[in-house]
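*Asks:* Chains as they are written, first to last, in numbering that gives the first Met the number 0: chain A, 0 to 475; chain B, 0 to 203.
Simulated from the structure, these hints should not be mistaken for laboratory data. Here the structure is a predicted model, which is why all the values come from computation and not from measurement. Treat the hints with caution; some may be incorrect.
Label pairs and their calculated CB-CB ranges [claimed, not checked]:
#, chain 1, residue 1, chain 2, residue 2, range
1, A, 443, B, 28, 34 to 42 angstroms
2, B, 167, A, 382, 45 to 53 angstroms
3, B, 19, A, 173, 25 to 33 angstroms
4, A, 348, B, 140, 41 to 49 angstroms
5, A, 14, B, 168, 25 to 33 angstroms
6, A, 269, B, 25, 40 to 48 angstroms
Built from N, CA and C at the ideal position, the CB exists for glycine as well.
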Amino acid sequence: MNLTLPALGPALPEIVILVGALALLFLGAWRGEAARPVVDFGAILLLVLAGAIVVLLPGGTLSTFGGSFLLDPFARFLKILALAGAAAALLMSFDFLRAEKLERYEFGILVLTATAGMLVMISSNDLITLYLGVELMSLSLYVMAAIQRDSVRSTEAGLKYFVLGALSSGMLLYGASLVYGFTGTVGFPGIAAAAKAGSLGLVFGLVFLFAGLAFKVSAVPFHMWTPDVYEGAPTPVTAFFAAAPKVAGIAIFVRVAIDAFPNIVPQWQQIVIFLAIASMVLGAFAAIGQRNIKRLMAYSSIGHVGYTLVGLAAGTPAGVAGVLVYMAIYVAMTLGTFACILAMRRNGEAIEEIDELAGLARTQPMVAFLLGALLFSLAGIPPLAGFFAKFYVFLAAIEARLYALAVIGVVASVVGAYYYLRIVKLMYMDEPKAAFEPMARPLGFVLGITGLFVLLFFVYPAPLVAAAQAAAQSLF
Amino acid sequence: MTIAALFFYLYAAVACASAFMVIAARNPVHSVLFLILTFVSAAALFVLLGAEFLAMILVVVYVGAVAVLFLFVVMMLDVDFAELRQGFLQYLPVGALVGVIFLVELVLVLGTWAVAPEAMRAIQAPIPPLDQVSNTQAIGRVLYTTYVHYFQLAGVVLLVAMIGAIVLTLRHKENVKRQDVGRQIARTRAMSVELKKVEPGQGI
Chain A
0 MNLTLPALGP ALPEIVILVG ALALLFLGAW RGEAARPVVD FGAILLLVLA
50 GAIVVLLPGG TLSTFGGSFL LDPFARFLKI LALAGAAAAL LMSFDFLRAE
100 KLERYEFGIL VLTATAGMLV MISSNDLITL YLGVELMSLS LYVMAAIQRD
150 SVRSTEAGLK YFVLGALSSG MLLYGASLVY GFTGTVGFPG IAAAAKAGSL
200 GLVFGLVFLF AGLAFKVSAV PFHMWTPDVY EGAPTPVTAF FAAAPKVAGI
250 AIFVRVAIDA FPNIVPQWQQ IVIFLAIASM VLGAFAAIGQ RNIKRLMAYS
300 SIGHVGYTLV GLAAGTPAGV AGVLVYMAIY VAMTLGTFAC ILAMRRNGEA
350 IEEIDELAGL ARTQPMVAFL LGALLFSLAG IPPLAGFFAK FYVFLAAIEA
400 RLYALAVIGV VASVVGAYYY LRIVKLMYMD EPKAAFEPMA RPLGFVLGIT
450 GLFVLLFFVY PAPLVAAAQA AAQSLF
Chain B
0 MTIAALFFYL YAAVACASAF MVIAARNPVH SVLFLILTFV SAAALFVLLG
50 AEFLAMILVV VYVGAVAVLF LFVVMMLDVD FAELRQGFLQ YLPVGALVGV
100 IFLVELVLVL GTWAVAPEAM RAIQAPIPPL DQVSNTQAIG RVLYTTYVHY
150 FQLAGVVLLV AMIGAIVLTL RHKENVKRQD VGRQIARTRA MSVELKKVEP
200 GQGI
């Protein structure tokens, strides 16, 4: 009779974050709001510490908990990305929350639990771990969306996200139960061994599983919640939503597709191609009419998820490497842009109208330059980082003979460039409006780093691309 | 047909019928009572499968706690469900269409029911034989060792739900008198009683 604990080492980042979150929760409950600065600082420290542990753990592929938890190079790459995104979003939130009188020590703790959920998702190697990770992340996100509880919009965002999220979890579970029923196992390697072409029931489960996952990454047609939630939630929460959870969602999408269903590629490939095309096209066209910059970013993120899925649709190591590079660059671009959005304050009030950015080049030339670079990059204009992100996924799609998909992607990208460039035109060509308040230091820090990354990526892209290729190779 | 199969069809039929009644009953209290009947039937099915631990957990947790809580909520909130159902007929055609599509898909799935041989092996392999280990022990062995993270993560999910409920609803009201034991004990006579010398015939 074997009653020993499995090795806990591979799960150390998650354990550190959760134990730390519990300690900070105790501190907060004991000291009240006086503990908030300590909790905020501690939360960032824990995220950095977890990132350091991910780097320092012995290399190669580690597996524990009966094979249901995997720490391979793929997981390491995405975990570091998710942790960096979460830490940056948390760092950017402090000034905004203080100005809006939303400072609660629970905010940092919810960021920690959500991040722990993402790490579990990224490492999951069976359906139960996957589901628990998804729920841990989603539940924290629902609460964060509604954290401005005296605002009707924030409450509505939280409620909408919760109801639709619960529905998508139901679809995910239904799909998981069908997959389990037709393969007799929940572990991805076991599913891969049992999943052969020709079993319609298994494909049925696969469709439901993908529908649930598509909801979590807000791919069309499961995107309906995104604009409303992004607009209604407080801006730092939106910045958090747009960065780290997407990384985790895409990670699990790739792992389920590549690890669990490698023998029925044509069956899931057509689903992913449809999701990619629909997301790219809707992201490009629906964003054109937006006046609110958070709604615009919501449609922008839908479009970018579409481009990322192009890499997955290829289903090759090059495609997955493209997905990883895309996610890294997307997180940088999104965080930088949100740093600018968070800095849009006038007379102590947050401003969300795009037109208010008019003439920013004359009032804040440095911010306008960096925001302009980020927007050009989001549009995918060379030689900025966003171009290379798109380049790698489209190249992988062409190598996999998905010519139509690549062409539609490029066309959508051109259409999408319109609304990014319109903001640049507003900033540089139009008459200036009253100046914004000077940017808070953490925002300037994040904007500077992401802006430089986006501008100078083309000089030395090798480390990121090589890391992504090594990570992608570990899946196949 | 053996007795076990007979009971299986009996409980399965009761579970399906009462599940239907949960959404069909006019009175929400009846809905919850039918929900309890569904749970009990499902528990009976577990007993037939030899999983008595899961059956008892289902009864204790779902019937004993969750469903009774539902009942409390339904009775206390006094929601007018008849009014909520006003648009029911209006949406019936669309709903029926979706239902028919799902039914056709399900029939297609069942029509090509094929379980991979690997699946059968996976099902038969890891379970320890019933005559050596009871299923309670079997679950306990893996739940607290190999798969301890399932258990812990589920606990964290519940904790987050609790934090969320407190964050979103708890309000510290001003001017509400609360008991503060430390302050009560630290109170001295000098802090609370003030002696006033009142001159005769003058009042305070």
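*Asks:* All the hints need checking, so say for each whether the structure fits it.
*Replies:* Outcome of the hint check:
1. Taken as a hint, the range 34 to 42 angstroms is violated for the pair residue 443(A) and residue 28(B), whose Cβ atoms sit roughly 59 angstroms apart.
2. For the pair residue 167(B) and residue 382(A), the supplied restraint of 45 to 53 angstroms holds, since their beta-carbon distance comes to about 46 angstroms.
3. The hint said 25 to 33 angstroms for the Cβ distance between residue 19(B) and residue 173(A), and at roughly 18 angstroms that hint is violated.
4. The hint said 41 to 49 angstroms for the Cβ distance between residue 348(A) and residue 140(B), and at roughly 59 angstroms that hint is violated.
5. Checked against the hint of 25 to 33 angstroms, the pair residue 14(A) and residue 168(B) passes, with Cβ atoms roughly 30 angstroms apart.
6. For residue 269(A) and residue 25(B), the hinted distance range of 40 to 48 angstroms is satisfied, since their beta carbons lie about 44 angstroms from each other.
Violated hints for the displayed structure, listed by number in ascending order: 1, 3 and 4.
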